[in-house]
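K.L.:
Knowing the structure of chain U, use the given hints to seat chain A on it.
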Amino acid sequence: KAGVTQTPRYLIKTRGQQVTLSCSPISGHRSVSWYQQTPGQGLQFLFEYFSETQRNKGNFPGRFSGRQFSNSRSEMNVSTLELGDSALYLCASSLMAVQETQYFGPGTRLLVL
Amino acid sequence: GENVEQHPSTLSVQEGDSAVIKCTYSDSASNYFPWYKQELGKRPQLIIDIRSNVGEKKDQRIAVTLNKTAKHFSLHITETQPEDSAVYFCAATSGGSARQLTFGSGTQLTVLP
Numbered sequence: 001k002a003g004v005t006q007t008p009r010y011l012i013k014t015r016g017q018q019v020t021l022s023c024s025p026i027s028g029h030r031s032v033s034w035y036q037q038t039p040g041q042g043l044q045f046l047f048e049y050f051s052e053t054q055r056n057k058g059n060f061p062g063r064f065s066g067r068q069f070s071n072s073r074s075e076m077n078v079s080t081l082e083l084g085d086s087a088l089y090l091c092a093s094s095l096m097a098v099q100e101t102q103y104f105g106p107g108t109r110l111l112v113l
Numbered sequence: 001g002e003n004v005e006q007h008p009s010t011l012s013v014q015e016g017d018s019a020v021i022k023c024t025y026s027d028s029a030s031n032y033f034p035w036y037k038q039e040l041g042k043r044p045q046l047i048i049d050i051r052s053n054v055g056e057k058k059d060q061r062i063a064v065t066l067n068k069t070a071k072h073f074s075l076h077i078t079e080t081q082p083e084d085s086a087v088y089f090c091a092a093t094s095g096g097s098a099r100q101l102t103f104g105s106g107t108q109l110t111v112l113p
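Chains as they are written, first to last, in the numbering used here: chain U, 1 to 113; chain A, 1 to 113.
Wrong hints could be hidden among the right ones.
[Said to hold, decoys possible] Straight-line C-alpha distance at most 30 Å; calculated DSSO-like pairs for lysine-lysine: (1) A/Lys71 <-> U/Lys57; (2) A/Lys22 <-> U/Lys57; (3) U/Lys57 <-> A/Lys37; (4) A/Lys71 <-> A/Lys22; (5) A/Lys42 <-> A/Lys58.
Note that these hints are calculated values from the structure, not bench results.
Isolated chain U, as found in the complex (with noise of 0.2 Å):
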């Protein structure tokens, strides 16, 4: 079985851009929630997605969103970038819900200049 795929995995933007990031998740696997780890914070809880709908959102303002489509995969994207979204974005799937194993991607790195 495929594992969870993530694209790109590195970009570049300059502040004030936008970005969207792409995850694939398991076949099967219909939760997808989405992280953001820096050096500083650690692993910060974005959002989850279950069935198309968010079911749960993190501290993060506004510019953060997501979406997913009816085949689970799911899309986040960061509007008018700034420095301190400079990180790595990964995304993670399960079965149902969070408290079952979630399967981590290779993450997309985001560098924003």
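P.N.:
Just chain A, lined up with the frame of chain U:
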């Protein structure tokens, strides 16, 4: 919201010795506690998890203990090997619907040969 504290932030042990990492959580409703291992440049991978109805769980050289009364849980690695060197994260479910994982700040474990 949930707060997860993890100690120590760095840990060095000699090969063959044991390593212990401790975490405390604040939300008494938390019921799922996974541990992830992240090697440099790689994605976090689940190594063991425990649910609130269990006090201890073991998988070969790795064990996790949970004390619900004190709201803390610990990871124990015995007979450490150089390939155990990595960053270890604890996490706990949080949120009214338990749809969010809150992570500890991580422990850099170094196993010296």
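K.L.:
With reference to the structure, classify each hint as holding or not holding.
P.N.:
Each hint, compared with the structure:
no. : hint                : verdict
1   : A/Lys71 <-> U/Lys57 : 24 Å, holds
2   : A/Lys22 <-> U/Lys57 : 27 Å, holds
3   : U/Lys57 <-> A/Lys37 : 24 Å, holds
4   : A/Lys71 <-> A/Lys22 : 11 Å, holds
5   : A/Lys42 <-> A/Lys58 : 25 Å, holds
In this structure, none of the earlier numbered hints is contradicted; all agree with it.
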